[in-house]
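Here is what each chain is made of, one letter per residue.
Number of protein chains: 2
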Amino acid sequence: MQAIHVINQDEQNTLEIGPVPDPKLSDKTILVKIEATALNRADLLQRTGNYPPPKGASEILGLEMAGVVEEVGSEVTKWQAGDRTFGLLAGGGYAEYCTIHEDMAMGIPENLSFEEAAAIPETFLTAFQALDWLAELKEQETVLIHAAGSGVGTSAIQLARHLYNARIIATAGKQHKLDTAKELGANYAYNYKGQNYAEEIISDVGPDSVDAIIDFIGKPYWHKNVEVLAMDGRVVYLSFLGGHKVEEVSLVPILRKRLSIMGSTLRNRSEQYKIDLTKDFTQKALPLLKTGSLSPVIDSIYDWTDTEEAHQRMQNNKNTGKIVLTGM
Amino acid sequence: MQAIHVINQDEQNTLEIGPVPDPKLSDKTILVKIEATALNRADLLQRTGNYPPPKGASEILGLEMAGVVEEVGSEVTKWQAGDRTFGLLAGGGYAEYCTIHEDMAMGIPENLSFEEAAAIPETFLTAFQALDWLAELKEQETVLIHAAGSGVGTSAIQLARHLYNARIIATAGKQHKLDTAKELGANYAYNYKGQNYAEEIISDVGPDSVDAIIDFIGKPYWHKNVEVLAMDGRVVYLSFLGGHKVEEVSLVPILRKRLSIMGSTLRNRSEQYKIDLTKDFTQKALPLLKTGSLSPVIDSIYDWTDTEEAHQRMQNNKNTGKIVLTGM
Chain X
330 MQAIHVINQD EQNTLEIGPV PDPKLSDKTI LVKIEATALN RADLLQRTGN
380 YPPPKGASEI LGLEMAGVVE EVGSEVTKWQ AGDRTFGLLA GGGYAEYCTI
430 HEDMAMGIPE NLSFEEAAAI PETFLTAFQA LDWLAELKEQ ETVLIHAAGS
480 GVGTSAIQLA RHLYNARIIA TAGKQHKLDT AKELGANYAY NYKGQNYAEE
530 IISDVGPDSV DAIIDFIGKP YWHKNVEVLA MDGRVVYLSF LGGHKVEEVS
580 LVPILRKRLS IMGSTLRNRS EQYKIDLTKD FTQKALPLLK TGSLSPVIDS
630 IYDWTDTEEA HQRMQNNKNT GKIVLTGM
Chain Y
330 MQAIHVINQD EQNTLEIGPV PDPKLSDKTI LVKIEATALN RADLLQRTGN
380 YPPPKGASEI LGLEMAGVVE EVGSEVTKWQ AGDRTFGLLA GGGYAEYCTI
430 HEDMAMGIPE NLSFEEAAAI PETFLTAFQA LDWLAELKEQ ETVLIHAAGS
480 GVGTSAIQLA RHLYNARIIA TAGKQHKLDT AKELGANYAY NYKGQNYAEE
530 IISDVGPDSV DAIIDFIGKP YWHKNVEVLA MDGRVVYLSF LGGHKVEEVS
580 LVPILRKRLS IMGSTLRNRS EQYKIDLTKD FTQKALPLLK TGSLSPVIDS
630 IYDWTDTEEA HQRMQNNKNT GKIVLTGM
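Residue numbers (the working numbering), protein chains in the order written: chain X, 330 to 657; chain Y, 330 to 657.
Extracted from the complex, chain X is given alone in its bound form (with noise of 0.2 Å):
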């Protein structure tokens, strides 16, 4: 089959479509002829050599997919050739053809296209994992949610929306990345260029007020997370944009609040995690996608011969949403 290789795996790469052997199917994967793709900011770092991927997976690039089942192994129940899938994979997204454990699968919702569906898995996964398994986010609670136009965040912002009635701030650096922030459910959403967002939140909804955190930026915001936390609140990193290293952390808020500070990405998560993950996913929010509370905020499309014009574009911060491949 064809798939993008990265030429030279360092900060001069490049990428090129070219032939590799065909994934091999074994007893409980399917065979899935992939028509979208979406990219994550990690196919940017893997591409540089700085985001190895974890033991066993493609070493091509390629977080998610969506497509038609081609093939099924020996000891698959819930899958047929023909059926439209769509999941996270480990690897291997930017080629023609991928495996994935049949309980890792989806089934894309009649409503979808491919190209809406190869942008849910990692960012909703994402989200839901952050705000529901790791941040334990209660109906009702307030949550910030930074990065806010990134694809986890919009897809945090719907899920924190439509699963659990959250009050939500929201934070981002351009205008219109607030709009759509505003659009998908955010209650407050604040420029991090022009406004410290701390006292904007202790303005306009109170001091010590915000039970969850998703933070994407890491040191800049380290303190004013601290500060506008509630009683056991809890902060989940995804990833540290804007640095990592905070000078003078004073631990007596975690005690005197009770935080939680956690951290998790899902790549380097075992197979087994990913499908229970997968499983409490498609219970809760699948059928929100299905009727279209939910629905993935798509910035562009781009034919994946151009896939370097798509890491260009993530990599200048110009999307609102997911960046999709096609055309494999």
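It should be emphasised that the hints constitute simulated quantities derived from the structure, not laboratory data. Please note that the accuracy of each hint is not assured.
Identical chains share a label here; the pair holds if one copy fits it or two copies do between them.
With a straight-line cut-off of 20 Å between C-alpha atoms, the simulated PhoX-like cross-links for lysine-lysine are [to be verified]: (1) Lys574 x Lys586; (2) Lys384 x Lys586; (3) Lys357 x Lys608; (4) Lys574 x Lys357; (5) Lys553 x Lys574; (6) Lys574 x Lys548; (7) Lys503 x Lys522; (8) Lys511 x Lys522; (9) Lys353 x Lys467; (10) Lys619 x Lys362; (11) Lys407 x Lys353; (12) Lys384 x Lys548; (13) Lys548 x Lys522.
Dock chain Y against the given chain X, drawing on the hints supplied.
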């Protein structure tokens, strides 16, 4: 009734036994004639004015007691006059009488004296909360328990051994405390004064080997803790005896190892939380106190007229295990 007063609640304070109003029975509480209470570090802070009791709590020192039921409220169903009982208090232990919600009171096992029973609630419930409810310790995991000679430390070692069959690593600053830790079930015990416990753990147990840490020290242990933690490791902070300001914290391990960093104190939890915790403890751990598998480590017993001397002993870190007051 008589109770211990703090005279001049500041650094120059003194303690004095004198008259106070009797505690008032309500529908769901029981009135207990206190036979013994025990010291906590919170008492030392409170007498200087630095740790005010939570709203609604007695202003009298003392966070736990053992005694005999004197009278029961109109809706009490579980107790009658003459029953031997012990439990957590939000305050009021340094007195002749106290009231306690009937669901926060536990029955004293026949094999335990009042002095032994009074030494149990704060340390065992705090350790149980930290290990079971917060760190969610699992069977045969590895746990690192700092301040292993303290009341909570000695309780945590016993619980880690008997409830989770854990691999236990202890640290303390005195050889006799390390000896006690080993007798109670610690597999490894390091003196933080002469040894770098992180290096020792990496050498004896392995790198990234610690699943959960119960820490009372804070600042000086932050980096070592993070270094030895395993994937999905948890830290529970119960106090910061060594300071709370950590210079230059890297957030990277939080993400890379998927850490959870938490803090909790028991005292400012809601009454309902304490009731639920007491019930869970009664079910899981009280049977082990009855059989003697778990037992309070008692450092010393003072008559309550010598409370000042008892406080000095704790202030100077002389105690291994609990200091008990009796004779009220």
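Verification of the supplied hints:
no., hint, in the structure
1, Lys574 x Lys586, "between (23 Å within a copy, 16 Å between copies)"
2, Lys384 x Lys586, "between (39 Å within a copy, 16 Å between copies)"
3, Lys357 x Lys608, "within (16 Å within a copy, 44 Å between copies)"
4, Lys574 x Lys357, "neither (43 Å within a copy, 51 Å between copies)"
5, Lys553 x Lys574, "both (15 Å within a copy, 16 Å between copies)"
6, Lys574 x Lys548, "both (6 Å within a copy, 16 Å between copies)"
7, Lys503 x Lys522, "within (8 Å within a copy, 52 Å between copies)"
8, Lys511 x Lys522, "within (18 Å within a copy, 55 Å between copies)"
9, Lys353 x Lys467, "neither (42 Å within a copy, 37 Å between copies)"
10, Lys619 x Lys362, "neither (23 Å within a copy, 63 Å between copies)"
11, Lys407 x Lys353, "within (19 Å within a copy, 65 Å between copies)"
12, Lys384 x Lys548, "neither (30 Å within a copy, 35 Å between copies)"
13, Lys548 x Lys522, "within (15 Å within a copy, 32 Å between copies)"
Against the hints set out earlier in the document, violations occur for numbers 4, 9, 10 and 12.
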